[in-house]
Structure formats: structure tokens, C-alpha cells
Amino acid sequence: MKTSLIQNSSPELIRGTGLTKSYSTEQGLIRALGRVDIVIGGAQTIALVGPSGCGKSTLLLLLAGLEKPDSGKLLFKSTPLAQPPREIALVLQDYGLFPWKSVRSNIELGLKIRRETIDWSEIMELLNELDISDKLDAYPQQLSGGQKQRVALARALVLNPTLLLLDEPFAALDTLNRERLQELSEKLWRQRRFSMALVTHNIQEAVRLGQTILVMGGTPGRILSVIENHEACAPEYFGTPYFYEKCSQVRTQLESVA
Amino acid sequence: MSNKSGYILAVTLLLCFWQFGAMMAGPNVVATPLATLEKLLIESQSQRFWKHVEASSFRIFCALVISFVTAIPLGLYLGSSRRADRIAKPLIYLTYPVPKIVFLPLVLLIFGIGDLSKIMLLSLIMFFQLLITARDSARAVSKAAKYSLKSLGGNRWDLFVHVIWPSTLPSVFTALRIATGTVVAVLFFVESIGARYGIGFYILDAWGRADVPQIYAGITVLALMGVVLYETFDILERVYCRWNQL
Chain A
3 MKTSLIQNSS PELIRGTGLT KSYSTEQGLI RALGRVDIVI GGAQTIALVG
53 PSGCGKSTLL LLLAGLEKPD SGKLLFKSTP LAQPPREIAL VLQDYGLFPW
103 KSVRSNIELG LKIRRETIDW SEIMELLNEL DISDKLDAYP QQLSGGQKQR
153 VALARALVLN PTLLLLDEPF AALDTLNRER LQELSEKLWR QRRFSMALVT
203 HNIQEAVRLG QTILVMGGTP GRILSVIENH EACAPEYFGT PYFYEKCSQV
253 RTQLESVA
Chain B
1337 MSNKSGYILA VTLLLCFWQF GAMMAGPNVV ATPLATLEKL LIESQSQRFW
1387 KHVEASSFRI FCALVISFVT AIPLGLYLGS SRRADRIAKP LIYLTYPVPK
1437 IVFLPLVLLI FGIGDLSKIM LLSLIMFFQL LITARDSARA VSKAAKYSLK
1487 SLGGNRWDLF VHVIWPSTLP SVFTALRIAT GTVVAVLFFV ESIGARYGIG
1537 FYILDAWGRA DVPQIYAGIT VLALMGVVLY ETFDILERVY CRWNQL
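Read top to bottom, the protein sequences are chains A and B. Quick note: the first sequence uses the working numbering, first residue 3, plus one each step. Quick note: the second sequence uses the working numbering, first residue 1337, plus one each step.
It cannot be assumed that every hint is accurate.
Once the Cα atoms are required to be at most 25 Å apart in a straight line, the calculated BS3-like pairs of lysine-lysine come out as [unchecked claim]: (1) K103(A) to K1482(B); (2) K114(A) to K1436(B); (3) K1436(B) to K1425(B); (4) K70(A) to K1436(B); (5) K1425(B) to K1482(B); (6) K103(A) to K1479(B); (7) K70(A) to K1425(B); (8) K114(A) to K103(A); (9) K114(A) to K1482(B).
These aren't lab readings, by the way, just hints derived from the structure by calculation.
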């Protein structure tokens, strides 16, 4: 089954058509993705949910330009996506911070590599917002999980991405920290209005942050259903009866996939 | 326990065992620590003794530099390129286990009897240990770290500078310590052939004259050279791998 997701908002950033991806392992060929169509654009937020191994993270890596699809077409702003575009930033599940670099060096690394001007006054504003401005000289291993995630977010956001990709960003955090970071992500999105695609196992997280929720499943992984959730990221949405209604809807879809 | 008190304890223990061994074996076989110290104090006033120290230090230093600049970049390259590693692996595995000292006649033939042959042999011994450690450490760099760097816009050079090199540096220091230990031990052997200066020659010369305190003075100098090198590596590691000491 092939499910298309077409978002009406413009401008269109990424269009993937018929994306497939397999990995060869010692156990043989693993087909991770099977003919996925996806369109992302227009300061929208998307949450990808589904059981483990359904290809969510693989899809995110394709969208980031870090892996190439075996077949299908992947366009970024109507041109084939050959390598990671400057306008896309990625936050990985294990934060992706480099333990040999201080928080300061981690944050400015992307800008340095791209030979962009480093405006620390602007960065400090963001770090104050993220409540990590006093951690600049620390190393990642001296930070808590929540602080590491904030640094990873800061490193991605200083690049001013038009599309932010998050791979299970809050999975390793305790409930309180997770909720704080969800709230912070909402706030940052409202301020900056980038497109955001988030992979998560957490239903509440998906409903809170994903204006479109893509339920993935099957082997190889495909998008099995699309749930519209326009109120996501709006203030006061979290915890409302409508929010929980959406959560049950997503749960029902996930149970049918499982 | 601090570094200083650790050394005091180690030296005290070593001196106790040494003194006990000297008492058991007799002064014609093992010189006492005191006799060795007296000899060292006398020798340290002669220019010839310092020439021996200088010759050995020079050979070790050159071998360190040559093996480092050849083995580390090659090892890191092989560790990051599966294709290159597949080609080089059989050659490395065939040559690594062969004791390099057996190449001494060949090395002497190619590089002559002077310093160069000794330095080349020492370099050859260090080369493989550094190469394999660097290759394995580069191979162990996680895919997540590579994705992370690439997502920031990094190319292959950035990957090397910001990920592979810094993440493998602690292992490189470990390899340097291990290889240096081997090299100081082998130094004694290479300096026994065609050398006029060097601590290895100094010990063998004393051996020929049955000058037991001088033999032990030479052994002590080798141990001290090891300490200087290891401490230097420790300092460099503290400076360049601060993150690993937290």
C-alpha cells in the first residue's frame, strides 16, 4: 500500500516519491522502507510514529540527505537532494554531541564548518532561552540528559534551519524534562516558524508537536495513515480534552498497525 | 594517591626488592642500589656518559616522530575507508606478527651501520603498533557521530579534523606508551651492533668488563628515559584530551 501525504502549505521544501531503502547486514538484506511518499513544507510540524523498526529513523536520515534512497525521487526545493542541505538541521536520538568539544565548540561547530559569521550575542539569546548559557565551558559528559538535549537543539537552531529534523529527541529524558523540552520546542517553533519533522514513540509528544501525524508500520515500513492535528504547537492545547481525544485516535491507529 | 606519592612508593618498593636481590645474589651479579647511585653520580660528570644518553634519546625521538607521522595518518585512513582497509589488511596481518628485529641485517644493508639503520628499525617496530591502534580506533567511530558531523555540513576533511582525530587521540596515546616500552627494550639490542654511543652500548660495554655497577647504572638510565617519555605523553594527553579526564 502506498500512502501519499500532500500538504497544501507552501513553499514546499522536500518532496519524496516512492522512497525505498534497504540495508545489508550479516543476517541478510533488511528492507527498511517501502515506497514512501512524503511532502514537507510551509512551517508545518510533522510527527512520525510507529512501532520500532518501521523505518521512521531511516526516513528521517533520507530527508536529512545523510542516506540515499535505493529508489524513488527525493527533491529539496525542486532539485535532487544529493547531500545534506544547509537549510536542514538534525538532532539525533543520542544528542550527537561530540564529547571532545566543549558546549561552546559544539554549538559553533556547524557555523565554523559552513564558514558563517558567529554572532555570539545572538547565540547567547538562544542559550538564555534554553537555559544553558552558564554551561558554555562544560563538556557534554558534565551535563544532564536534559541539558545535553538543549545543547543539541541550540547547535541545530544556530544554523537557522528552515527544516528541523528530530529523531526521538526526548526519549532518554525523565517525564518532567521531557515535558519541559516539548514546551520549549513548541515555543521555539512559534517564534521561528521553521518546518519540523519529529520521530517519536511517545503518543502525547506526537500529538503535542505534530500538526500532521504520520503513522508508519509494516515491513518494509510505509506510511499507513495520516492524522491531521492542526492545533499542535498551539499554546494551551496540551492537556485539553481535544488533545486527549487525538491521543486516543493515534493510539487506535498504532494498535491497528501493531 | 597523588602522582608524586605514587612514585615515592614505587621507588621505595623497587629499591627494597633490588637491595634484597643484591644481598642474595652478591655484588658480582647484582649491584646494590647505593653502588649504582655512586656509579651514576661519577658517570654523570663525564661527557662520554651524556653522549650515550644523547645518542639513545636522539634515536628514540627520531623513531617516535617517523613512526607517528607515517603510521597514524595511514591507520586513520584505513580505519575510515573500508575499501582501503580490505586491500591493506592482508599485508598488515602477514607482516605485523613477524618480529621486526629479524630484519636487522636487511636494515643494516639498506641504511648502513650508522644511526639511520637503528632509527629505522625502531620506527618499524613502533609503526605497526601505532598503525593498528589508529586503524581500530578510527573504525570504532560511531555512525551517529559521522551523521552528526555530516548534518552540520561537514565534508571528509571536517570529519577527520573534528571527529576521527580527536576521538582516536586517547587510543593513540595508549599506543604510544605501549610502543615506547617496546622500543626502549629493543634499543638495548640495536645499540649492541655497530654503535659507539648509546645506553645499549654502554651496558654491553660494562658487561664485557664485568663492571656490574655500570650495568645497573645503564639499566637505571633506560628506566628513567621510559619515565620521562611516559610522563611527557601523560602531560600531552592531559592537555589535548582534557575531555577524557573528566
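Against the structure, the hints:
{"no.": "1", "hint": "K103(A) to K1482(B)", "in the structure": "holds (15 Å)"}
{"no.": "2", "hint": "K114(A) to K1436(B)", "in the structure": "violated (44 Å)"}
{"no.": "3", "hint": "K1436(B) to K1425(B)", "in the structure": "holds (18 Å)"}
{"no.": "4", "hint": "K70(A) to K1436(B)", "in the structure": "violated (45 Å)"}
{"no.": "5", "hint": "K1425(B) to K1482(B)", "in the structure": "holds (23 Å)"}
{"no.": "6", "hint": "K103(A) to K1479(B)", "in the structure": "holds (18 Å)"}
{"no.": "7", "hint": "K70(A) to K1425(B)", "in the structure": "violated (28 Å)"}
{"no.": "8", "hint": "K114(A) to K103(A)", "in the structure": "holds (13 Å)"}
{"no.": "9", "hint": "K114(A) to K1482(B)", "in the structure": "holds (17 Å)"}
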